[in-house]
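Visitor: Residue numbers (my numbering), protein chains in the order written: chain A, 422 to 750; chain B, 5 to 333; chain C, 75 to 369.
In short, the hints are calculated from the structure, not lab data.
Virtual Cβ for every residue (Gly too), placed ideally from N, Cα, C.
Hints are supplied without guarantee of correctness; some may be wrong.
As the list claims (entries may be wrong) - The calculated lysine-lysine pairs, modelled on DSBU-like cross-linking and capped at a C-alpha distance of 30 Å, are:
#	chain 1	residue 1	chain 2	residue 2
1	A	549	B	135
2	A	595	A	548
3	A	595	A	428
4	A	568	B	135
5	A	549	B	251
6	A	710	A	675
7	B	135	B	247
8	A	548	A	568
9	B	247	A	568
10	A	428	A	675
11	A	548	B	247
12	A	548	B	251
13	A	595	B	247
14	B	135	A	595
Said to hold, decoys possible - Some, not all, of what chain B presents toward chain C, calculated at C-beta under 8 Å:
#	residue
15	27
16	158
17	162
18	274
19	315
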Amino acid sequence: MTEPLLKVENLRIELTTRAGVTPVIDNLSFELGHGENISFVGESGCGKSMTALSIMGLLPEGVGRIASGSIQFHGEELTTASTERLRDIRGNEISMIFQEPMTSLNPVYTVGEQIAEVLRAHQGLSKKAAWDMAAELLDAVRIPNAKSRVGDYPFQMSGGQRQRVMIAMALACKPKILIADEPTTALDVTVQAQIFDLLRDLRRNTGTSIIMITHDMGAVAEMAERMIVMYAGRNAEIGPVDQIIDRPRHPYTKGLISCVPHIVANLTEERHDLTEVPGIVPSLQEFGKNRCLFASRCNLRTDECLRERPPAREFENGQKADCWHAEEL
Amino acid sequence: MDGAVNFLRVTLIRVFYAVILLIAVLILNFSLMHMAPGDVADTIAQAAGGIDAEALEQIRREYGLDQPFLVQLGRYIGNVLRFDLGYSFFYSDKVTSLILSRLPATLLLVITAQLLALVVGVILGVFSARKPNGILSHFVTFLALFGYSAPVFWTGLLMLVIFSLMIPIFPVAGMRDVTIEGGFFAQAFDIARHLVLPMITLSSIFLALYSRLARATMMEVLGSDYVRTAKAKGLTNRQVVYKHALKNSLSPVITLAGLQLSAVVSGAVLVETVFSWPGLGTLAFQSILARDTPLILGILFFSALVVIVGNLLTDLALRLVDPRVGGKK
Amino acid sequence: MSDPVTVLEEEIEKARHPFTEAWEMFRRNHAALVALVVLTGVVIMAIIGPALYGRDPYDMVWTPFTRPGENWDFILGTDYLGRDLLAMIISGTRVSIIIGLAAAFVSVFIGVTVGALVGFYRGWVEEVLMRFTEFFQVLPTLLFSMVIVALFGASLPMIVLAIGVVSWTAVARITRAEFLRIRELEYVTASRASGARNGKLMFRVILPNALPPIIVQSALMVGSAILFEAGLAFLGLTDPNVVSWGQIIGSNRTYFLDASFTVTIPGVAIFVTVLCISLVGDGLNDALNPKLRAR
Numbered sequence: 422m423t424e425p426l427l428k429v430e431n432l433r434i435e436l437t438t439r440a441g442v443t444p445v446i447d448n449l450s451f452e453l454g455h456g457e458n459i460s461f462v463g464e465s466g467c468g469k470s471m472t473a474l475s476i477m478g479l480l481p482e483g484v485g486r487i488a489s490g491s492i493q494f495h496g497e498e499l500t501t502a503s504t505e506r507l508r509d510i511r512g513n514e515i516s517m518i519f520q521e522p523m524t525s526l527n528p529v530y531t532v533g534e535q536i537a538e539v540l541r542a543h544q545g546l547s548k549k550a551a552w553d554m555a556a557e558l559l560d561a562v563r564i565p566n567a568k569s570r571v572g573d574y575p576f577q578m579s580g581g582q583r584q585r586v587m588i589a590m591a592l593a594c595k596p597k598i599l600i601a602d603e604p605t606t607a608l609d610v611t612v613q614a615q616i617f618d619l620l621r622d623l624r625r626n627t628g629t630s631i632i633m634i635t636h637d638m639g640a641v642a643e644m645a646e647r648m649i650v651m652y653a654g655r656n657a658e659i660g661p662v663d664q665i666i667d668r669p670r671h672p673y674t675k676g677l678i679s680c681v682p683h684i685v686a687n688l689t690e691e692r693h694d695l696t697e698v699p700g701i702v703p704s705l706q707e708f709g710k711n712r713c714l715f716a717s718r719c720n721l722r723t724d725e726c727l728r729e730r731p732p733a734r735e736f737e738n739g740q741k742a743d744c745w746h747a748e749e750l
Numbered sequence: 005m006d007g008a009v010n011f012l013r014v015t016l017i018r019v020f021y022a023v024i025l026l027i028a029v030l031i032l033n034f035s036l037m038h039m040a041p042g043d044v045a046d047t048i049a050q051a052a053g054g055i056d057a058e059a060l061e062q063i064r065r066e067y068g069l070d071q072p073f074l075v076q077l078g079r080y081i082g083n084v085l086r087f088d089l090g091y092s093f094f095y096s097d098k099v100t101s102l103i104l105s106r107l108p109a110t111l112l113l114v115i116t117a118q119l120l121a122l123v124v125g126v127i128l129g130v131f132s133a134r135k136p137n138g139i140l141s142h143f144v145t146f147l148a149l150f151g152y153s154a155p156v157f158w159t160g161l162l163m164l165v166i167f168s169l170m171i172p173i174f175p176v177a178g179m180r181d182v183t184i185e186g187g188f189f190a191q192a193f194d195i196a197r198h199l200v201l202p203m204i205t206l207s208s209i210f211l212a213l214y215s216r217l218a219r220a221t222m223m224e225v226l227g228s229d230y231v232r233t234a235k236a237k238g239l240t241n242r243q244v245v246y247k248h249a250l251k252n253s254l255s256p257v258i259t260l261a262g263l264q265l266s267a268v269v270s271g272a273v274l275v276e277t278v279f280s281w282p283g284l285g286t287l288a289f290q291s292i293l294a295r296d297t298p299l300i301l302g303i304l305f306f307s308a309l310v311v312i313v314g315n316l317l318t319d320l321a322l323r324l325v326d327p328r329v330g331g332k333k
Numbered sequence: 075m076s077d078p079v080t081v082l083e084e085e086i087e088k089a090r091h092p093f094t095e096a097w098e099m100f101r102r103n104h105a106a107l108v109a110l111v112v113l114t115g116v117v118i119m120a121i122i123g124p125a126l127y128g129r130d131p132y133d134m135v136w137t138p139f140t141r142p143g144e145n146w147d148f149i150l151g152t153d154y155l156g157r158d159l160l161a162m163i164i165s166g167t168r169v170s171i172i173i174g175l176a177a178a179f180v181s182v183f184i185g186v187t188v189g190a191l192v193g194f195y196r197g198w199v200e201e202v203l204m205r206f207t208e209f210f211q212v213l214p215t216l217l218f219s220m221v222i223v224a225l226f227g228a229s230l231p232m233i234v235l236a237i238g239v240v241s242w243t244a245v246a247r248i249t250r251a252e253f254l255r256i257r258e259l260e261y262v263t264a265s266r267a268s269g270a271r272n273g274k275l276m277f278r279v280i281l282p283n284a285l286p287p288i289i290v291q292s293a294l295m296v297g298s299a300i301l302f303e304a305g306l307a308f309l310g311l312t313d314p315n316v317v318s319w320g321q322i323i324g325s326n327r328t329y330f331l332d333a334s335f336t337v338t339i340p341g342v343a344i345f346v347t348v349l350c351i352s353l354v355g356d357g358l359n360d361a362l363n364p365k366l367r368a369r
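Turn these sequences into a full structure, and let the hints steer you where they fit.
Guide: Written out as structure tokens, the structure reads:
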């Protein structure tokens, strides 16, 4: 196998709050291949967005920091890279779109200006060339009348259109990796489908790898080849999407999947009872303790779950689950 | 273009409201004059050192003071439209020409002080927002408290004691030194030298307000989604702060500056009195000592005019920094 | 007494009382706490100071322009008429504080009334009152009150009125913003649905919930009214027979190049008082504004 595009190993991110230092990401490892689409799944607060921000080198200053582990992009270590180098990579080789299209664009500049800015920063395009390119990009993300809309301000656009602008901006420099942090959560259902279509087509045309962060299992099943289920800052389960949906090896994954009736029905042709994952996410103080953090919500809980953090159990095709009872599932 | 038409329409509405406001000021002026004990005839009589009752009646008839209120009001407004605000018996001159001769000095003081407060306030706000616990940040807090709590005339007097008496760098009073000869630049330099202390004194109140607000909005803006987007694009810190964040934090400060206009003019009255600056403020002070009612009311009218024009300009400035203003509605 | 259950109940009881909670928040702001102590001192001085010090502030007691410290009988020195500056400051405290409170009351009264009406009603009431407020916003406040005092005389009530009438717009703005926010909330809709009249909605339902920022602003208004009075007095627009801090500065201003202490000392009194009021205002803001508590 060739070297992966992105390789994250034993990543630990600590957040300093008034209550003390908390590992919001605790020993996370994964790889992303060329042109691959991997999805991060989990409830809010499980560290999905933190992972994305750490790859971008955008952890909140003075609050969050990478404590240990490595992030390698094309074999280049990012955790120790200079700020200048990271800036070169951001928006150029790795770019990101965010959850809130309504507030993620600067309200006082035209969308054209905001797209052109990336091109000028990274590719040294002239003002004119960057502006023309911005119009082309708007057209590529299927905004009608792109030539005239390029001079619009964000407030003159709908949420879906703004997210398209964000995508155009992110793809402007033909990045190797696009990180999409809950790109459709704030949008209407019909618009959601359109944005997913767009992302899928763009990926097919450009070969960009996508890291998609979501809590929507439906989107995962539609978009991604592999998925990572995260719980309380830790890896719960990782592996090929179809295989995991077919046979989850972690009780949390199982719970998440059974929350979404149609995926199960489509993929396995059988109906499970629709259930929910009982209980709530552990508080930040719980993070980092040497035991299974899901145990309090788990019906398979045994003594060893409370005694020690479960190690990863490996299955075929690289499926791994951090659970003492993975084989039983 | 659509925008231009809209712009013109909004501006026209603004101007229309401004005219109505001015007429309201005139009505207030006239009513005050009418309600106050003693009238123009009494003033003349006083100036002449006492006249008998018959002569007094004669004067009343001449000035139309025996007419009904509304007729007098109509005539007053008509006169004002013809730029006639009455006659100052104390100065033996037309009120309009007196005011126009003093207006430039006041405008010079008010505009420079306001600009100084805005520019320095925003700079202080931006720098201190980037380091919320730094020395500069504490300085801004201190400045805000001082500026708010110190009577402006007292600040002025302290400035005089320090910078004219103890360290004689700046002149004690007035706007120019009559002994100075020379061309335009020598004169301009002389005026600038006289301007420094009054300008700093007047701007101290507003500098405090603006720097505090600028810091608060800047901190908010720096944490906003679109600043995160700008960082994710790989822009330099400078671009993020001075292009993306700064322009967004300007509009609240400009709005506040607009609201402060009448306070700036009020402050100018005190500052001018302290520094014997030959503007409308000292004129107002003297006219009140002399009980010169037409002159006082003329000054009130003109200063309201200054504030109204200032408000229109503020609106314009606001629309320059924020495309959303005027776009809606 | 040390029974944990009773302690817990006491804690709950304590936490339940809103004033206790507000006081807890206030106490955390040390600057505000110090300011409150100083302010209490100033108020006590205003009440019993003149009786305690005993010297008549209007009496010419010593050589004019005696510097502070020159004669220990007159610690702060004497003014241009040879009056004891300390006696004047003590007696001026009362006037300045009374004017500050009364003028703030007038402006808060007008401001809350106008702001409530503008924030509650739509249509012509809103339109007319907005123009009315705008009108007062464009009149330079100090000039306007100078005109009022100049035309109608410089008695204390007239000065209070002149200050109050020109400075209510800030209160109105805040009240309106709060009313606009609150009138859309569910509990207002609920009491509207249960048939509450407009008057009740405005003053019994919305106003109590709009109070926190209004209270903070009212505290600040006292400070700015004191500054305002000082400004008027400095210009000589005050009752010459009543000593206030601003009046001391105004009457000594002409001589200040020779005896700057006659101006600086009363200025310090104004500065410290207004500073303490704004610090207390900050503390009130912490105590009453739950949005900022998280910070």
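Visitor: Do the alpha carbons of residue 548/A and residue 568/A lie within 30 Å of each other, as the hint requires?
Guide: holds, 16 Å
Visitor: Has the given pair, residue 135/B with residue 595/A, been kept, meaning a C-alpha gap of at most 30 Å?
Guide: Given pair residue 135/B, residue 595/A is violated - Cα atoms ~35 Å apart, limit 30 Å.
Visitor: Is the Cα-Cα distance between residue 135/B and residue 247/B 30 Å or less?
Guide: holds, 18 Å
Visitor: For a C-alpha distance cap of 30 Å, please report whether residue 568/A and residue 135/B respect it.
Guide: violated, 42 Å
Visitor: For the pair we were handed, residue 548/A and residue 247/B, check the Cα-Cα distance against 30 Å.
Guide: holds, 16 Å
Visitor: Any CB of chain C closer than 8 Å to the CB of residue 274/B?
Guide: holds, 5 Å
Visitor: For the pair supplied as a hint, residue 247/B and residue 568/A, confirm whether the alpha-carbon distance does not exceed 30 Å.
Guide: At roughly 25 Å apart (the allowed maximum being 30 Å), residue 568/A and residue 247/B satisfy the hint.
Visitor: Grab the minimum C-beta distance from residue 27/B to chain C and call the hint holds if it beats 8 Å, violated otherwise.
Guide: This hint is violated: residue 27/B lies away from chain C, its Cβ roughly 10 Å from the closest one there, beyond 8 Å.
Visitor: Does residue 162/B meet its interface restraint, that is, does its C-beta lie within less than 8 Å of any C-beta in chain C?
Guide: holds, 7 Å
Visitor: Taking 30 Å as the top limit, are the C-alpha atoms of residue 549/A and residue 251/B close enough?
Guide: holds, 23 Å
Visitor: Would the hint on residue 158/B stand, with a C-beta cut-off of 8 Å toward chain C?
Guide: holds, 4 Å
Visitor: May I ask you to test the interface hint for residue 315/B with respect to chain C, counting a Cβ-Cβ separation under 8 Å as satisfied?
Guide: Hint holds; residue 315/B Cβ to chain C Cβ min 7 Å, cut 8 Å.
Comparing the model with each numbered hint stated earlier shows that hints 1, 4, 14 and 15 do not hold.
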